[in-house]
Amino acid sequence: MNEGRKAVGSRRWGERSERWGRLMVAARAGDGAAYEQLLRELDRWLRAYYARRLPYPAAEDARQEALLAIHAKRHTYSASKPFGAWLAAIARYKWIDRLREASRNSELSLHEEIAIEGHEGAAISAAALDQLLGQLKPAQERVIRLVKLNGLSIAHASGATGQSAALVKINIHRGLKKLAALIS
Amino acid sequence: METDQLIRTLAVDNGQRSLPVGIMLALALLAATPLSTAMLLLGLGIRPDIMVAMRNPFFDLKFVVTLALAIPATVISLHLSRPEASLHGWVWLLLAPVLVLAGAIMSEMMLPQRLPMLARLVGHNSMLCMSAIPILSLPLLAAAMLGLRHGAPSRPALAGAIAGLLSAGFAATLYAAHCTDDSPLFVATWYTIAVAGVAGLGALIGARVLRY
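So the sequences go chain by chain: R and C.
165 is the number that the numbering used here gives to position 165 of the first sequence; each next residue is one higher, with no gaps.
234 is the number that the numbering used here gives to position 50 of the second sequence; each next residue is one higher, with no gaps.
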């Protein structure tokens, strides 16, 4: 938490942390405009955060992942605690996640080359599909299985997973994009 | 997807809200407790001499030890479900069962005993103890994972291990009503092995299930 500590020390960071905390509290009370404002400011901060830590496409991805995580886990922010520390922890988690994924995928691509030779490039087997889906975030994997493989509607998948319909769509979109990247 | 569109979608989604992790965990554990209790009652039963046993302070102490594990582990689980939380400053809570056990062992040492130390440690049924506690803890572990999935732990494996401790703690509380070995030496040995196994399982599951 190097960045976190360094940042927490500065006065400007403290002010921003307080401001974001207030926006989050307002958002919780139902103020949609405050929430959108908060997300925009966090997006700007995250852009700078990941630009310093990851190469371009991964940085973009990590930023969107972090925004989604902030949204999905916003109930874990407690209004009595500093918002900055909460935000920095999520940003850092998604950063490490991205690094880990990058190293895992480099292993996978090596492994896949060997597998493809044996199968003469035939259709993807269920096992291979399982393995690919296993590379996704659990939330993405679930909705893709439900909607794309089992043929459930978005509304049903939303009910089954507890994700809102909008989030189901986002997760399917991002999951499919990720799958395409894994296969290519 | 454009970030701008993503932000707008998320903002519209603001109405959708999750309950606090504490409530989700409590509901899940409340739902799983009858299941584990039924497994105990139907599979093993309560020890037949329980009315007599309750007058033995070392029988009662088993419940104090196991709850002294389960309750702090629950508190730590909830703490760790926040992303910025770390174990630092909280881990000493897990000393509670260790201290209770150490005190119990010392007082047992000071009292005259019918059986030698080794016989008390080995007990009657250590194998059952080591298998029953993990089995009884499974519904509770699943429930704890379901509840804690609403959190955002920065170290999912660690959070999973603590969830293992909490479920094994409650499972051991149930099992203690069946177990006829009351010596704190028995509890310190076999209960600990069983609990450690569940904690390890919790870490493995948590590393996968508690990621966000």
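Don't read these hints as lab results, they were simulated from the structure.
Backbone N, C-alpha and C define an ideal beta-carbon position, used for all residues, glycine too.
One or more of the hints may lead you astray.
[As the list claims (entries may be wrong)] With a straight-line Cα cutoff of 25 angstroms, these simulated DMTMM-like cross-link-like pairs (lysine to aspartate or glutamate) come out:
#, chain 1, residue 1, chain 2, residue 2
1, R, Lys-177, C, Glu-186
2, R, Lys-137, C, Glu-186
3, R, Lys-169, C, Asp-244
4, R, Lys-169, C, Asp-197
[To be verified] Some chain R residues flagged as far from chain C (calculated, every beta-carbon gap over 10 angstroms):
#, residue
5, Gly-14
6, Gly-30
7, Ser-78
8, Gln-131
9, Gln-135
Verification of the supplied hints:
1. R/Lys-177 / C/Glu-186: holds (13 angstroms)
2. R/Lys-137 / C/Glu-186: Distance ~20 angstroms between R/Lys-137 and C/Glu-186 Cα, so the pair holds.
3. R/Lys-169 / C/Asp-244: Violated - the C-alpha atoms of C/Asp-244 and R/Lys-169 are around 54 angstroms apart, more than 25 angstroms.
4. R/Lys-169 / C/Asp-197: Holds. R/Lys-169 to C/Asp-197 sits at ~12 angstroms (cutoff 25 angstroms).
5. Gly-14: About 15 angstroms separates R/Gly-14 from the closest Cβ of chain C, which puts it past 10 angstroms; holds.
6. Gly-30: violated (8 angstroms)
7. Ser-78: With a cut-off of 10 angstroms, R/Ser-78 comes too close to chain C, as the shortest Cβ separation is near 7 angstroms.
8. Gln-131: holds (14 angstroms)
9. Gln-135: holds (12 angstroms)
Of the numbered hints given earlier, the model fails hints 3, 6 and 7; all others are met.
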